[in-house]
Amino acid sequence: MKRIKLSVITLLAALLLAGCGNKIAKLTNGNDVLIQFGDTKITKDDLYHSMLTTDGGYTVINMANKMIVNLEIETTDELVAEAQEQIDTYKATLTDDWQTSLEKLGFENEEQLFEQILSSIKATKLVSKYVDENFDTLVEEYAPLMAKMIFIKYQDNDIEKGKNEATLAIAEIQAGANFEDVAAKYSISIALANENLYTRYSEIDYNVLQYLLTVTEPTLSPPIENSNSSGVYIVQVTKTNIEQVKEAFTEFLTSDDTFTAKSNNYYFEKHNFTIYDVKTFEFIKTNYPSYLPVKK
Amino acid sequence: MKDFLKQNWFVAVIALFFTAISIFYAYDQNKDNLPNKVVDGKDVVFSVDDTNFTADELYDELYKTYGQSELFLKFYMGVIDANVEETEELKDQINGAVSQTVSYYTNYYGYGLEYLNQLARYYYGYPDFPSYVEYQIKAEVLYSEYIGKHAEKYVTEEFVAQHNPRVISYCLIKMDDPANPTADETDRLNAAKKAWENEYTVETFGDFAMHYSEDPSTAGNGGKLGYIDNNSALVDAFLKVALALEDGQVSEWIFDETYGYFLIKCDSVNYEDYATDPNFLSTVLTDNANLANEIVWEYAQNANITFIDETVKQYIMQQLNVDKDGE
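So the protein sequences, as listed, match chains A and B. Be aware that the first sequence starts at 1, since it is given in my numbering, and climbs by one per residue. Be aware that the second sequence starts at 1, since it is given in my numbering, and climbs by one per residue.
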């Protein structure tokens, strides 16, 4: 009977403890008073929680990010020079004196600004590093290539005329005419005629995308009717060799927010970024979810 | 034990079942909980590899960016809380202003409270929009009380001559294109004119406006617009006539090419009748550049304020642009 009682008490204790694990990290001297009005006190704890709410997790991400970029990217003379150049360029545009400008930006001195710029440069380098480390996989996933395009619209729904123009345009390109000149002659828009990077995720016509995904060598396409049959595309694939595409592909990835988030997530997980404070966790989950480890 | 189980096997099975359920429940409730970490007696907020960042370190980092401005806001709210009594009437006024603004933003822009909460947080540092409105309205109470106590200093003959202050009501007969009124618009105008001439008097102007005015923002309140002066942002024809009226006088029907026809009444030119009007307070505060800050500082002294940290005090005084002589 005694054992049964013990088991029941253990079970109840387990149930009571369930869900009691999340904790709010406290200041060691949070009860210190900063301002007092009669009996009303504004303590360090009050200020801390207001600042956390205003900040919404940004400072935690910033502090962790600074540490991670410093662990991953070495501070070279080249990076220091780049940061200094940015400061010099900024100084040259100023109308206020230097100290006032720093204060307006929220820095006490030039060193703080320098550190911030250096961290920002390193953060970009970190994304490039992620690209380098995963280049083959990324190439397979994104299927990048460089291409130029001409779109010939069926004017007045005259499909035959449009197709004939496409055939003429292809013949002129094959005979050595400049691609941009041909585009200007047959297309209402020549923006596509510039050489651009295209990937599996590019927002282009479905039929053109399917064609690009089959191409392995530079080539000139036959006329490709677009998916809503309002015109035809002529596609000149200019570069498929990954070494030739690498620079544009890396630049594309490092400026893509979704990819940057993926890279950040990788390095935060690699460096075992762990949150112990439930309030901070909730802020980051809401405002910066990509920095949290993906559940496996 | 064996005999006990033999005799009570069914109870034992049930107990085992509940034990398994309880263990699973405890596991399920705790599996997503964050780990706890304390280093050298200090709570850790987050870590990167083996480096820990404590709540104390995060406080210092946050303080660099937000500390002074957050403290200033807490000081400002504290002064107001210590000096303005939260009456039921004030609560209603605050709630009314919040719902009116939220409803306006929702109807005209398609985004309501959440957007306004973001604005209040981002631009003014308040936790949410209702708090922002609450302290704006409570601050007006403070300003009004202070200006009321020092009316002889701020509502001088010079002030009256310079601003021509008064309280106004009006009735509007609205027209889409006032220069070319439709038959219906003309009928409505004629009906209002006839009613004003035959059924109403200066004393019952409020009833007239409530019945005939087609301006939904004032009609329900007897056409009352409130305080105006020669700097008020009103259409020219309206403002010119309203400023020329004597106390208690009603104008002729005024044509405005944008809105239609106005009938305007000067309710009062006496200070007592506009003493608490936010537009009047705004005029006085605009005339006296640092007055709002000086009022807050003076009420802070009344609230027996103590600063533990001298730098906090210096920062707040600097923000208020007050010096020690003003204490």
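None of these hints come from the bench; they were simulated from the model. The model shown is predicted, which means the values in this text are computed figures rather than measured ones. Honestly, I wouldn't trust all of these hints.
Said to hold, decoys possible - Pairwise CB distance ranges, derived in the manner of DEER restraints:
| id | chain 1 | residue 1 | chain 2 | residue 2 | range |
| --- | --- | --- | --- | --- | --- |
| 1 | B | Ser22 | A | Ser227 | 38 to 44 Å |
| 2 | B | Pro35 | A | Glu203 | 51 to 57 Å |
| 3 | B | Tyr122 | A | Glu108 | 22 to 28 Å |
| 4 | B | Gly110 | A | Ile242 | 42 to 48 Å |
| 5 | A | Glu243 | B | Gln68 | 43 to 49 Å |
| 6 | A | Asn29 | B | Asn231 | 48 to 54 Å |
| 7 | A | Ser189 | B | Ala183 | 49 to 55 Å |
| 8 | A | Ser189 | B | Ser282 | 49 to 55 Å |
Unchecked claim - A few chain A positions that, by computed beta-carbon distances, are all more than 12 Å from chain B:
| id | residue |
| --- | --- |
| 9 | Gly30 |
| 10 | Thr89 |
| 11 | Asn272 |
| 12 | Val294 |
Glycine is no exception: its CB is placed at the ideal position from the N, C-alpha and C atoms.
Hint by hint, here is what the structure shows:
A hinted range of 38 to 44 Å for the beta carbons of serine 22 of chain B and serine 227 of chain A is inconsistent with their spacing of about 58 Å. For proline 35 of chain B and glutamate 203 of chain A, the hinted distance range of 51 to 57 Å is not satisfied, since their beta carbons lie about 42 Å from each other. As the Cβ distance of tyrosine 122 of chain B to glutamate 108 of chain A is approximately 23 Å, the hint placing it in 22 to 28 Å holds. A hinted range of 42 to 48 Å for the beta carbons of glycine 110 of chain B and isoleucine 242 of chain A is consistent with their spacing of about 47 Å.
The given range of 43 to 49 Å is broken by glutamate 243 of chain A and glutamine 68 of chain B, whose C-beta atoms sit roughly 53 Å from each other. A beta carbon spacing of about 51 Å between asparagine 29 of chain A and asparagine 231 of chain B agrees with the range 48 to 54 Å that was offered as a hint. With their beta carbons about 52 Å apart, serine 189 of chain A and alanine 183 of chain B fall inside the hinted range of 49 to 55 Å. Judged by the Cβ atoms, the range 49 to 55 Å given for serine 189 of chain A and serine 282 of chain B holds: they are separated by roughly 53 Å.
With a closest Cβ-Cβ approach of about 8 Å to chain B, glycine 30 of chain A is found to fall inside the 12 Å limit, against its non-interface label. With 12 Å as the threshold on Cβ separation, the claim that threonine 89 of chain A sits away from chain B holds: the shortest Cβ distance comes to roughly 25 Å. A Cβ of chain B approaches the Cβ of asparagine 272 of chain A within 12 Å, the least distance being about 6 Å, so the stated non-interface status is violated. Distance to chain B confirms valine 294 of chain A as a non-interface residue, since its nearest Cβ pair spans about 14 Å, more than 12 Å.
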